[in-house]
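The listed protein sequences derive, respectively, from chains L and G. Be aware that the first sequence starts at 0, since it is given in numbering that gives the first Met the number 0, and climbs by one per residue. Be aware that the second sequence starts at 0, since it is given in numbering that gives the first Met the number 0, and climbs by one per residue.
One should not assume that every hint holds.
DSS-like mimics (lysine-lysine), calculated; alpha carbons at most 25 Å apart, straight line [to be verified]:
{"hint": "1", "chain 1": "L", "residue 1": "Lys98", "chain 2": "G", "residue 2": "Lys137"}
{"hint": "2", "chain 1": "L", "residue 1": "Lys360", "chain 2": "L", "residue 2": "Lys408"}
{"hint": "3", "chain 1": "L", "residue 1": "Lys26", "chain 2": "L", "residue 2": "Lys98"}
{"hint": "4", "chain 1": "L", "residue 1": "Lys26", "chain 2": "G", "residue 2": "Lys137"}
{"hint": "5", "chain 1": "L", "residue 1": "Lys98", "chain 2": "G", "residue 2": "Lys143"}
{"hint": "6", "chain 1": "G", "residue 1": "Lys123", "chain 2": "G", "residue 2": "Lys143"}
{"hint": "7", "chain 1": "G", "residue 1": "Lys143", "chain 2": "L", "residue 2": "Lys26"}
{"hint": "8", "chain 1": "G", "residue 1": "Lys123", "chain 2": "G", "residue 2": "Lys137"}
Note that these hints are calculated values from the structure, not bench results.
So you can see what is in the structure, the chains are spelled out below.
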Amino acid sequence: MSNAYAQMSRSRVFAAYLGDIRYELTKMVRTPAFAIPTIIFPAMFYLLFGILAGGGRGNAPFALQALARWSVFGAMAPGLFGFGVSLAFEREQGLLILKQALPMPPGSYLIGRMFNAMVFVCISTLLLLTIAVTMGHVPVTLGQAARILFVDALGVLPFCAIGLFVGSLISGQAAPAIINLIYLPMAFLSGLLFPLPIRILQQITPVWPSHHLGQLSLAAVGAPAVGTTANHVAALVGVTVLFFVLAMRRLGSRGISLLGPAPTGAVFPLRRALNMAMMGIAIGLIITGIVGGTAPVAAASTAATSKDATEGKTATAATDAAASPDAPVGVVAPDTTLIADFDSGSDQASYGIGWHAFDDKSRGGNSTTSQRVVADGAGHSKGALEVSGDVGTAIQYPFVGTSFLPNGKPTPDFSQQGFMNYSSRHTLRFFARGDGHNYTVAISGPVLGAIPAMYGFNAGADWQEVAVPLAELGNLDLERVKAISVGTMAPGPFRFQIDNVRIE
Amino acid sequence: MLHVMEDDMSQQPLARLAGAHKRFGAVKALDGLDLAVDRGEMLALLGPNGAGKSTAISLLLGLQRADSGSAFLFGEDPQSIDARRRIGVMMQEVNLSPVMHPHEMIAQVASYYPTPYTAAEVIKRLSLESIASRPYGKLSGGQKRQVQFGMAIAGRPELLFLDEPTVGLDVHAREALWRVLRDLVHEGCSIVLTTHYIEEAESLADRVAVLKHGRLVAGGSVDEIRAYVSRKNILCRTTLAREVITGWPEVQELREESGAMNIITRDAETVLRRLLAADANVSDIEVRRAGLAEAFAEITSANQADANQGGADAGKLQ
Chain L
0 MSNAYAQMSR SRVFAAYLGD IRYELTKMVR TPAFAIPTII FPAMFYLLFG
50 ILAGGGRGNA PFALQALARW SVFGAMAPGL FGFGVSLAFE REQGLLILKQ
100 ALPMPPGSYL IGRMFNAMVF VCISTLLLLT IAVTMGHVPV TLGQAARILF
150 VDALGVLPFC AIGLFVGSLI SGQAAPAIIN LIYLPMAFLS GLLFPLPIRI
200 LQQITPVWPS HHLGQLSLAA VGAPAVGTTA NHVAALVGVT VLFFVLAMRR
250 LGSRGISLLG PAPTGAVFPL RRALNMAMMG IAIGLIITGI VGGTAPVAAA
300 STAATSKDAT EGKTATAATD AAASPDAPVG VVAPDTTLIA DFDSGSDQAS
350 YGIGWHAFDD KSRGGNSTTS QRVVADGAGH SKGALEVSGD VGTAIQYPFV
400 GTSFLPNGKP TPDFSQQGFM NYSSRHTLRF FARGDGHNYT VAISGPVLGA
450 IPAMYGFNAG ADWQEVAVPL AELGNLDLER VKAISVGTMA PGPFRFQIDN
500 VRIE
Chain G
0 MLHVMEDDMS QQPLARLAGA HKRFGAVKAL DGLDLAVDRG EMLALLGPNG
50 AGKSTAISLL LGLQRADSGS AFLFGEDPQS IDARRRIGVM MQEVNLSPVM
100 HPHEMIAQVA SYYPTPYTAA EVIKRLSLES IASRPYGKLS GGQKRQVQFG
150 MAIAGRPELL FLDEPTVGLD VHAREALWRV LRDLVHEGCS IVLTTHYIEE
200 AESLADRVAV LKHGRLVAGG SVDEIRAYVS RKNILCRTTL AREVITGWPE
250 VQELREESGA MNIITRDAET VLRRLLAADA NVSDIEVRRA GLAEAFAEIT
300 SANQADANQG GADAGKLQ
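Whole structure, please, built from the sequences with the hints as guidance.
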């Protein structure tokens with residue numbers, strides 16, 4: 000009998016791939032030990048810590064951030080558990096060897112599992128979105144929902160690769176415990192779930208792939224994020240390739256090749272060289288991602304990149320959706336471009352309610368902050384405003400600093416504050432220096448609870464000018480500016496100074 | 000041209016090991032093994048634990064590579080997907096997903112093959128209707144083996160590898176499976192069977208290959224293997240004293256079984272003449288050739304020198 004007997008039409012091969020996907024999906028759905036934790040737990044934790052106890056209820060920006068972060072928590076599980084635990088069991092129980100002996104289409108086992116991991120991530124994220132909209136009243140737009148689904152669905156791949164590698168190493172009995180020992184600490188140490196209390200831990204967050212996916216997810220919903228998309232994608236691609244190659248090598252040494260026949264003869268050294276090259280490239284990508292993983296979204300200099308502008312624009316959706324079209328246009332800004340230079344020794348501004356330190360106690364937080372005017376401002380001017388304090392961890396998303404109300408009223412009720420019309424202005428400039436940490440400029444609009452337009456910068460030891468390109472912060476309604484704030488969300492002590500604040 | 004190739008191929012063994020060596024650390028699993036599976040035959044692969052049966056099968060399935068020597072499946076590398084589309088496999092040590100149903104499992108495996116049976120056809124052929132929609136994890140050990148067998152034949156294979164297929168099956172299920180195996184061979188399917196049930200090999204196999212220490216120590220039809228052991232059993236009822244019988248030089252061993260004597264000898268004719276001459280009342284005489292089990296025991300319990308000689312004999316038998 001000839002080989003013609005053994006040849007399959009493309010449609011049959013395609014059907015075999017689809018059959019494997021369907022089979023694996025059915026298997027996962029019928030396995031409560033997998034389906035429940037991967038779908039229910041992230042939703043449950045988001046509801047508990049992101050909305051009910053995390054200060055997110057009625058506080059849309061924080062609930063939206065929580066949504067982005069907990070969705071990443073949900074995206075990690077199907078990859079790690081779906082590959083790690085299942086693979087370890089199936090390898091140990093001889094199923095992979097049986098599949099080796101069958102004419103399984105090359106890679107169909109991996110494709111089926113990756114597809115199913117993506118399906119579970121989408122289900123988990125959709126559940127979180129539902130909770131966010133219905134119970135958290137988070138003003139998430141369809142665009143944001145689509146972006147977060149896209150980011151999370153693709154973001155599961157590095158965790159699939161990690162799971163694959165771990166599953167190739169350990170026994171089925173040990174797999175659930177080992178994977179949990181990777182999953183939960185990684186989520187915690189990346190600062191994904193709760194602010195990290197120890198500075199060294201904050202500084203090494205970029206070594207965790209969950210940090211990079213978390214930042215992409217935050218950017219997807221327009222929340223403030225650190226690092227650039229390119230950095231995060233590089234790190235995640237690097238992790239995926241590295242662990243995938245390591246897993247294939249490990250399984251290959253056990254006589255298991257999930258990608259088709261193992262190479263022999265002259266092909267073997269060629270594939271080995273290719274593997275080494277891929278691992279080298281992957282490590283390079285990971286290092287690139289780690290190095291740039293905590294860089295501020297925007298440079299402290301005046302040269303904001305187009306990427307920064309893009310990230311600024313992504314923050315528009317929530318406010319756009321939630322803004323009232325009937326809100327009155329604010330008072331036209333005075334002719335002066337100076338807001339405050341603090342040279343008089345006071346924290347008062349040229350107009351409006353002067354600068355005020357604010358903390359998060361009204362939201363249940365335990366952060367402290369204070370401000371004072373100090374000597375030796377930028378360019379050796381007489382004074383500058385120094386803001387310092389300690390960001391606590393009592394709530395999930397603290398934000399403390401100093402705030403300027405351009406058309407403010409002497410009432411603590413933020414909703415009663417007036418608007419300023421800055422539509423003729425293009426740039427907010429000021430000088431800043433500080434303890435080397437990243438800080439955020441937040442410009443609030445008319446909608447209480449909407450995400451403000453945000454711009455990140457780094458406050459180094461020397462005075463440096465920060466230029467915020469207002470036109471590029473699409474989230475900003477320049478006709479209805481309620482507050483301009485400078486502050487931080489990073490837990491721990493902080494100190495920064497600002498001077499010569501102008502809006503031009 | 001294609002017909003010529005087919006004609007040529009039809010003369011070729013479907014699977015072949017040629018001088019295969021395989022070592023796992025200090026353990027020599029295969030030591031220059033030559034083995035061939037011909038079209039339309041059922042080959043039983045026998046041997047004590049550690050004889051190299053599983054390693055030989057692994058090489059033929061492409062799960063491992065020989066250190067030296069070669070392995071072919073349908074004239075190709077055993078890892079060739081085209082070759083694998085012509086075989087079915089049933090392994091012994093495999094646990095399948097407990098949440099899937101037999102009809103789904105059979106259908107999934109069938110989807111890998113060009114011209115498979117439908118799951119319904121397999122289920123009907125193996126009479127698995129009552130368990131086809133039950134979770135695999137809730138089946139008995141024997142039922143699981145039947146499902147695995149169903150998966151193995153789902154692709155309508157030309158060559159079927161079965162590793163201990165009847166372990167855990169009750170008598171009826173075993174006989175039913177044997178019937179299916181015979182039918183498959185009748186339909187042109189070749190089968191490689193590894194089993195510890197010698198009577199299974201005796202009942203089913205066209206040819207037997209006995210491995211020991213990674214080498215072929217005996218091979219041939221079941222009758223040829225039986226003949227390899229020259230001793231016979233003479234069962235009878237006699238009044239002769241035990242000492243008299245054991246005193247005959249041709250008698251190797253004497254056993255008393257349920258009031259009868261079992262005389263084991265390599266020269267049955269001489270012993271029988273002595274018996275009839277010494278005891279006119281001898282009754283219930285029955286002369287038996289050694290069974291496959293005895294032959295297997297004798298072959299595999301022989302010392303290494305014997306085994307080497309057996310290997311040479313095996314070459315003659317083939």
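Indices of hints not satisfied (ascending): No numbers; nothing is violated.
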